[in-house]
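Here are the chains, one letter per residue:
Number of protein chains: 2
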Amino acid sequence: MQIKEKNVHKFHINNILKKLEEKDMDAMLVANFNNIYYLSGYLSTSFAFLIIKEDPIIFVSGMDMENAKNTSSIDIVKYESYDRMIECLKEEGIRNLAIESDLTANVYQKFNDFNLTISDAISTERMIKSDEEIEKIIKATDIAHKSLIELNVRDKQEKGAQEWECAYELGYLMRKNGASVESFDTIFASGPVSSLPHSTPRQHVLDTPVLVDYGCKFEGYCSDTTRTFIYTERQEEISNIVLEAHDKAVDAVKAGVKACEVDKVARDIIAEYGYGDNFIHSTGHSLGLDIHENPSVSLRDQTVLENNMIVTIEPGIYLEGEFGIRIEDMVLVDKKGKLIGNLPQIL
Amino acid sequence: MQIKEKNVHKFHINNILKKLEEKDMDAMLVANFNNIYYLSGYLSTSFAFLIIKEDPIIFVSGMDMENAKNTSSIDIVKYESYDRMIECLKEEGIRNLAIESDLTANVYQKFNDFNLTISDAISTERMIKSDEEIEKIIKATDIAHKSLIELNVRDKQEKGAQEWECAYELGYLMRKNGASVESFDTIFASGPVSSLPHSTPRQHVLDTPVLVDYGCKFEGYCSDTTRTFIYTERQEEISNIVLEAHDKAVDAVKAGVKACEVDKVARDIIAEYGYGDNFIHSTGHSLGLDIHENPSVSLRDQTVLENNMIVTIEPGIYLEGEFGIRIEDMVLVDKKGKLIGNLPQIL
Numbered sequence: 008m009q010i011k012e013k014n015v016h017k018f019h020i021n022n023i024l025k026k027l028e029e030k031d032m033d034a035m036l037v038a039n040f041n042n043i044y045y046l047s048g049y050l051s052t053s054f055a056f057l058i059i060k061e062d063p064i065i066f067v068s069g070m071d072m073e074n075a076k077n078t079s080s081i082d083i084v085k086y087e088s089y090d091r092m093i094e095c096l097k098e099e100g101i102r103n104l105a106i107e108s109d110l111t112a113n114v115y116q117k118f119n120d121f122n123l124t125i126s127d128a129i130s131t132e133r134m135i136k137s138d139e140e141i142e143k144i145i146k147a148t149d150i151a152h153k154s155l156i157e158l159n160v161r162d163k164q165e166k167g168a169q170e171w172e173c174a175y176e177l178g179y180l181m182r183k184n185g186a187s188v189e190s191f192d193t194i195f196a197s198g199p200v201s202s203l204p205h206s207t208p209r210q211h212v213l214d215t216p217v218l219v220d221y222g223c224k225f226e227g228y229c230s231d232t233t234r235t236f237i238y239t240e241r242q243e244e245i246s247n248i249v250l251e252a253h254d255k256a257v258d259a260v261k262a263g264v265k266a267c268e269v270d271k272v273a274r275d276i277i278a279e280y281g282y283g284d285n286f287i288h289s290t291g292h293s294l295g296l297d298i299h300e301n302p303s304v305s306l307r308d309q310t311v312l313e314n315n316m317i318v319t320i321e322p323g324i325y326l327e328g329e330f331g332i333r334i335e336d337m338v339l340v341d342k343k344g345k346l347i348g349n350l351p352q353i354l
Numbered sequence: 008m009q010i011k012e013k014n015v016h017k018f019h020i021n022n023i024l025k026k027l028e029e030k031d032m033d034a035m036l037v038a039n040f041n042n043i044y045y046l047s048g049y050l051s052t053s054f055a056f057l058i059i060k061e062d063p064i065i066f067v068s069g070m071d072m073e074n075a076k077n078t079s080s081i082d083i084v085k086y087e088s089y090d091r092m093i094e095c096l097k098e099e100g101i102r103n104l105a106i107e108s109d110l111t112a113n114v115y116q117k118f119n120d121f122n123l124t125i126s127d128a129i130s131t132e133r134m135i136k137s138d139e140e141i142e143k144i145i146k147a148t149d150i151a152h153k154s155l156i157e158l159n160v161r162d163k164q165e166k167g168a169q170e171w172e173c174a175y176e177l178g179y180l181m182r183k184n185g186a187s188v189e190s191f192d193t194i195f196a197s198g199p200v201s202s203l204p205h206s207t208p209r210q211h212v213l214d215t216p217v218l219v220d221y222g223c224k225f226e227g228y229c230s231d232t233t234r235t236f237i238y239t240e241r242q243e244e245i246s247n248i249v250l251e252a253h254d255k256a257v258d259a260v261k262a263g264v265k266a267c268e269v270d271k272v273a274r275d276i277i278a279e280y281g282y283g284d285n286f287i288h289s290t291g292h293s294l295g296l297d298i299h300e301n302p303s304v305s306l307r308d309q310t311v312l313e314n315n316m317i318v319t320i321e322p323g324i325y326l327e328g329e330f331g332i333r334i335e336d337m338v339l340v341d342k343k344g345k346l347i348g349n350l351p352q353i354l
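Chains as they are written, first to last, in the numbering used here: chain Z, 8 to 354; chain H, 8 to 354.
A few of these clues could be false.
No copy labels: a pair is met if it fits in one copy or bridges any two.
Calculated pairs, DMTMM-like style, for lysine to aspartate or glutamate (alpha carbon to alpha carbon, straight line, at most 25 Å) [what the hints assert, rightly or not]:
no. : residue 1 : residue 2
1   : Lys183    : Glu157
2   : Lys30     : Glu61
3   : Lys85     : Asp275
4   : Lys343    : Glu268
5   : Lys117    : Glu313
6   : Lys30     : Glu94
7   : Lys11     : Asp308
8   : Lys17     : Asp308
9   : Lys271    : Glu327
10  : Lys153    : Glu176
11  : Lys342    : Glu226
12  : Lys117    : Asp127
13  : Lys117    : Glu243
14  : Lys17     : Glu279
15  : Lys265    : Glu87
16  : Lys117    : Glu87
17  : Lys76     : Glu327
18  : Lys117    : Glu157
19  : Lys97     : Asp149
20  : Lys76     : Asp214
No lab work stands behind these hints: they were computed from the structure.
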C-alpha cells in the first residue's frame with residue numbers, strides 16, 4: 008500500500024463521514040466489494056463488511072485474510088459472526104446506521120436493531136472520477152478499440168465465423184492488449200437478434216447487421232463501447248438516425264446540464280423520425296469500477312453533470328423480428344463533453 | 008415453451024405456494040434472475056419481478072419484453088413503476104409478502120407497507136435436482152473435464168505459459184466442447200498464490216504447484232472442479248492429506264446424513280495431520296443454476312442430505328507464502344454418494 012493511495016482512501020472516507028454526519032448517521036455498513044475496494048484497496052472474493060466511522064474497520068472472511076493484509080489501507084479484523092459485529096457497533100454507541108441500496112435482505116434484517124437508512128454517500132463520491140481513474144478508463148477504452156479493429160468484424164462475417172467465436176476472440180485480443188477481463192459479457196448479436204438489446208452470443212454464423220457491445224477492465228476500471236456493422240440500405244437508413252441522436256447527445260454533454268436533458272436530446276431525434284417506441288432503454292449511464300454507476304442518462308435522472316464525470320451515450324433503434332442498431336461511446340464531462348477514444352462510429 | 012416445461016414450472020410454483028401458505032404468506036416477490044428462470048423459463052438481462060400467487064405474473068422491463076414473450080410460461084406485463092406493482096398487490100388483498108434473502112435494500116424499503124419475511128421456499132425447492140437438471144450438470148462436468156485434459160497443464164507448465172493464457176484457453180476449449188460460458192471466473196493459480204483460495208490468473212509464467220478451480224455452464228447449469236498439479240515431495244505430502252480428506256468426505260455423502268457431518272469428516276482428517284488452521288473454508292456447497300446453492304457442506308449447516316441433491320467436496324490446505332492444494336469434485340446424493348465425472352484426482 009503506497010502512501011499516496013492511503014491518502015486517497017482517507018480523503019474519500021472523510022468526505023463520506025461528512026455526508027453521514029449531515030444526515031445524523033453515526034456510521035455506514037458497506038458490503039459491496041467495489042465500494043470496499045474504492046475505499047481501502049482491498050478487493051474481497053467472498054464476503055466482507057466495512058464499517059465507516061472515525062476509525063474505520065473491515066471484517067474479512069478467514070479465507071481472504073492474507074489478501075486483505077497485503078492490500079487494505081484500513082485496519083482489518085477476522086469476521087466471526089454477525090453478533091460479534093453488531094456488539095462491536097453497539098459498544099461504540101452507534102444507533103443510526105447508513106446502508107447501501109444493494110445491501111441484501113438477509114443482512115438488512117440482521118441489523119434491524121439499528122435505524123437503517125439507505126445512503127448514496129459512496130455512489131455520489133464515486134461519481135466524480137480522479138485523474139488516475141480517468142486515465143484507467145481511457146486506457147481500457149484504447150485497449151478495447153484497438154482489439155475490435157484487430158478482430159476485423161467484416162472479414163469474420165465474410166468468412167462465416169460464429170457469434171460466440173468472435174466474442175471469444177475479442178476477449179482474447181483485449182487480454183493480449185493488456186486488459187484483465189471483459190467489463191461485462193460481450194454482446195455479439197447479428198441479424199434479427201440484434202433487436203434484443205442484451206442478446207447472448209450464439210453458435211450461429213454472423214448474419215447482418217452485426218451489433219457488438221463490449222468492453223474491458225484495466226486495473227479494475229471498465230470501458231463500454233457499441234458498434235453496429237451495417238450492410239444494407241435499410242440498415243444504413245436506421246443507422247443514420249441513431250448516429251444523429253448519438254452525435255447530438257454527445258454534444259449536449261457538459262458540466263451544468265442535467266442527465267435527463269441529455270437523454271431528451273437523443274430521444275427527441277429518434278421520435279422525430281417516428282421510431283420513439285423503438286428506443287426501449289435509457290440513453291446512457293456512468294461507469295467506473297462498475298459497468299453501471301450513477302448518474303444514469305435517463306428520462307428521470309435529474310443529476311446535474313459535473314466535471315470529471317463519465318457517461319455513456321448509447322441510443323438505439325430496435326425493430327422486432329428485423330434488426331437493431333446501437334452506437335455507444337463514453338464521454339468525459341467538462342466545459343464541453345470529450346469523446347473518449349477515437350474509434351470511428353461507422354466501421 | 009413446451010408443455011412439459013410449462014408443467015414443471017407449474018409443479019414448482021404449486022410446491023412454493025404450499026410452503027408460503029403454511030407460513031401464512033399471501034404471496035412472494037421474486038427478483039433473482041435464476042429464480043425467475045427456474046420458475047418460468049424466462050432469463051432476465053436487466054430487471055424483472057415475479058409475483059408468486061394463485062395467478063403468478065412477471066413484471067418485465069421494456070427492453071426484455073420480446074425475449075420474455077418468447078420464453079416465459081408465466082403471464083408477463085410490462086414494468087411501469089414500483090407504485091403500479093404495489094397497487095396491484097394491494098388490490099388483491101396481499102399483506103404478508105415473502106421475499107428472497109438477496110432482495111436488495113432499495114426494493115426492500117419500497118415494499119415496506121407489507122409484512123416482509125425472508126422465505127427459503129425457492130432455494131429449498133431448488134435443492135432437489137430433477138433428472139433433467141442432473142443430466143445438464145453431468146454434461147457440464149464432462150465438458151469441463153475433457154477440456155482440462157485437452158489443455159494439458161503439465162505441457163503448458165514446461166513451455167512457460169502464463170496463468171491468464173491457460174485460463175483463457177481452458178475457457179475456449181469448454182466453449183468449443185459445447186459449454187456456453189464459464190460457471191465462474193477460472194482460478195489458475197501457481198506457486199505461492201495457490202495459497203489464496205480465490206486467486207486471479209496473472210500475467211506470470213506457471214510456477215508450481217498449479218491449482219485450477221474452474222467450471223462451465225451447459226444449458227444454464229454449472230459444473231465445479233478443482234485439480235492441483237503437484238511437482239515436489241513436499242507438495243505430494245500435502246496433496247496426499249487433502250486427497251484422503253476428499254475421498255473420505257465423498258464416501259460420507261449419502262441420503263440421511265447431515266451436511267455438517269460430511270464437513271466434519273474432511274476437517275477432522277486435516278486436523279489430525281496438524282493442518283486444521285490451514286483449511287480456511289467450508290468443505291463444499293451445492294450448485295445448479297448458481298455456482299453456490301444450498302445446502303453448504305460446512306460446520307454449521309444442519310441440512311439432512313436427500314436423494315438428488317448435488318454437493319461439491321473440496322477440502323484444501325493453504326500454507327501462506329508457500330503454496331496451497333485443493334481437490335474438488337461434485338457428488339450426487341443417493342443411498343451412496345456418486346462422484347460425477349471420472350477425471351482422476353491426481354493428474
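Quick rundown of the hints versus the structure:
| no. | hint | in the structure |
| --- | --- | --- |
| 1 | Lys183 - Glu157 | both (11 Å within a copy, 22 Å between copies) |
| 2 | Lys30 - Glu61 | within (16 Å within a copy, 43 Å between copies) |
| 3 | Lys85 - Asp275 | between (54 Å within a copy, 22 Å between copies) |
| 4 | Lys343 - Glu268 | within (15 Å within a copy, 64 Å between copies) |
| 5 | Lys117 - Glu313 | neither (37 Å within a copy, 29 Å between copies) |
| 6 | Lys30 - Glu94 | within (23 Å within a copy, 31 Å between copies) |
| 7 | Lys11 - Asp308 | neither (34 Å within a copy, 44 Å between copies) |
| 8 | Lys17 - Asp308 | neither (29 Å within a copy, 39 Å between copies) |
| 9 | Lys271 - Glu327 | within (23 Å within a copy, 55 Å between copies) |
| 10 | Lys153 - Glu176 | both (13 Å within a copy, 21 Å between copies) |
| 11 | Lys342 - Glu226 | neither (28 Å within a copy, 49 Å between copies) |
| 12 | Lys117 - Asp127 | both (21 Å within a copy, 16 Å between copies) |
| 13 | Lys117 - Glu243 | neither (55 Å within a copy, 44 Å between copies) |
| 14 | Lys17 - Glu279 | neither (49 Å within a copy, 45 Å between copies) |
| 15 | Lys265 - Glu87 | between (45 Å within a copy, 23 Å between copies) |
| 16 | Lys117 - Glu87 | within (14 Å within a copy, 31 Å between copies) |
| 17 | Lys76 - Glu327 | between (52 Å within a copy, 12 Å between copies) |
| 18 | Lys117 - Glu157 | neither (51 Å within a copy, 47 Å between copies) |
| 19 | Lys97 - Asp149 | neither (49 Å within a copy, 51 Å between copies) |
| 20 | Lys76 - Asp214 | between (51 Å within a copy, 23 Å between copies) |
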